[in-house]
Amino acid sequence: MLTKRQNLVEVMKGGNPDRFVKQYECFNMIMNTPITRKKPPIGGEIVNEWGVTTRWPEGQIGAFPVHDEEHTVVKDITKWRDVVKAPNIKFPAEAWAEAKASAAAVDRTEQYCTVFVAPGLFEHVHYLMSMEEALMAFYEEPEAMHELIEYLTDWEIELAKEFITHIKPDALFHHDDWGSQINSFLSPSMFEEFFLEPYKRIYGFYKENGVELVVHHSDSYAANLVPYMIDMGIDIWQGVMKTNNIPELIKKYGEKITFMGGLHSGEIDFPGWTQDIIATEVEKACTEYGKLYYIPGSSQGLAISSFPGVYEATDEEIEKMSKKMF
Amino acid sequence: MSKLQDVKLNVEKGKTKLVAGLVQEALDEGNAAKDILQAMVDSMGVVGDKFSSGEIFVPEMLIAAKAMAKGVDVLRPHLAGEGSVSLGTCIIGTVAGDLHDIGKNLVSMMIESAGFDMVDIGVDVPAQKFVDTIKENENVKLVACSALLTTTMPALKEAVATIKGSGLEGFKVMVGGAPITAEFAAEIGADGFAPDAGSAAVKAKELAQA
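Each protein sequence line maps, in turn, to chains A and B.
Those letters in the first sequence? Residues 1 to 326, per this note's numbering, in order.
Those letters in the second sequence? Residues 1001 to 1210, per this note's numbering, in order.
Don't read these hints as lab results, they were simulated from the structure.
By construction, the Cβ of each residue, glycine as well, lies at the ideal position given by its N, Cα and C atoms.
Just to be clear, a hint being listed does not mean it is correct.
Stated by the list, open to error - To spell it out: a stretch of chain A is covered by chain B in this simulated footprint if at least three of its residues, at any positions, have a beta carbon under 8 Å from a beta carbon of chain B; those stretches are:
1. 56-62
2. 171-185
3. 265-279
4. 286-300
What the hints assert, rightly or not - Cross-link-like lysine-lysine pairs, in silico, BS3-like; alpha carbons within 30 Å at most:
5. A/Lys79 with B/Lys1017
6. B/Lys1157 with A/Lys242
7. A/Lys75 with B/Lys1066
8. A/Lys207 with A/Lys90
9. B/Lys1017 with A/Lys75
10. A/Lys207 with A/Lys256
11. A/Lys75 with B/Lys1013
12. B/Lys1050 with A/Lys252
13. A/Lys13 with A/Lys168
14. A/Lys251 with B/Lys1050
15. A/Lys79 with B/Lys1070
16. A/Lys200 with A/Lys256
17. A/Lys13 with A/Lys207
18. A/Lys75 with B/Lys1070
19. A/Lys79 with B/Lys1066
20. B/Lys1205 with B/Lys1017
21. A/Lys85 with A/Lys168
22. A/Lys79 with B/Lys1205
23. B/Lys1050 with A/Lys242
24. B/Lys1129 with B/Lys1205
25. A/Lys284 with B/Lys1157
Between the sequences and the hints, there should be enough to build the whole structure, so can you do that?
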């Protein structure tokens, strides 16, 4: 039997996996670093390292940045330099002790020692200035947007240096939602203009420094961006939704990128979920998308579920499909 | 090219810095404010169709709506004298328990561009608040309710039932949001459904003029 890690490699290279990869089983995420980004607790509010006020109201399945007049950080994109200040990410070795211990405990024959980065460049920009203002600024103030993105990219590379120095990860799990369920937020040409080179720099840096695998989360439609994903060095697109025509993507790009997802959180992870619903969805996904270049899993951006039991139930059903199909 | 055509084209292209001047020039040439407004509404119709078909993306739609808003600012004092050109008032909000506002804001912008006066009551709106807002506003022709999560679909159902059960009349109720389908909309008694912001504007007009 292959190790989890060997099995993933077989899936990705179109070789001979001996079972389906179960969601995030190959990734041991090191979350206890001093530079892992802050998130508000459920029911709470924080001002994050960049000054963005973020709330996680009770009963919601995620946190939201607050963009009213009082809280928006960048009110005038042409003056972003006056208000955007990169947080300190240099911490003494002692502050890394816990994370180093977690990293040392990872059995790297089974799992990838994985660092987690969120939000990515696109999300970061709209966290700072609101989605609507950010999207219009790509047209109205492109130079300022390029400058701000370059500043954030430089900072992400500094962040990468810290992770690499202290933890020596062999995988990166990086979030940046690039679309809605039905389309990418930006046109492919605008995406290319603003984000291709910055991401090539970031992902290239990780790969030049020992990171074998770049996993990018965007739980959205983004089929039109897959050529750029490949170009920027993404190995696995996590969060691929059914609106993307996954079989066609696998056929066209599978040898260059693996697709992880195909199960919509909204359809399996809700208060009234049942094992049967999950079984049906998992069977559909595994049958339709197949054994190679595909990892079945929820579109959720971490190894968790919003409602207790869903993640484990999904794993169970994937295991059943492995027994049927391998 | 006629000045009206010029206005139309530049709204469609989202030329936010040019449209106000072009609208002024169109007025100076003697075009009626209502006709200029209609030209801009028509261009937003084109923008909405292109968005629905995937030809353009959210930034292009936003920037076109912003360009139109700049034109409307120039027209506003002139429109007052020409009688109402509004299709009526549209109340819009995201239902209780749901804090998503981006999709709702896009829909609001597009419905406004189609010629409605918008009353945006925000996110996490209790069902009764929709009813109270209908009572507080005149000429309400449309109520648009949004839900972005499968977990808030029951709240959407409750909002539609509360609005419909309020005994108030003279308006239609439309719904939308990522998990919402035409079937679900029909099942909960909504009068209309739109899958995206572009078609929401078309559906809004259709419902208000029915």
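Going through the numbered hints above, which ones does this structure break? Give me the numbers in ascending order. Those not satisfied are hints 4, 22.
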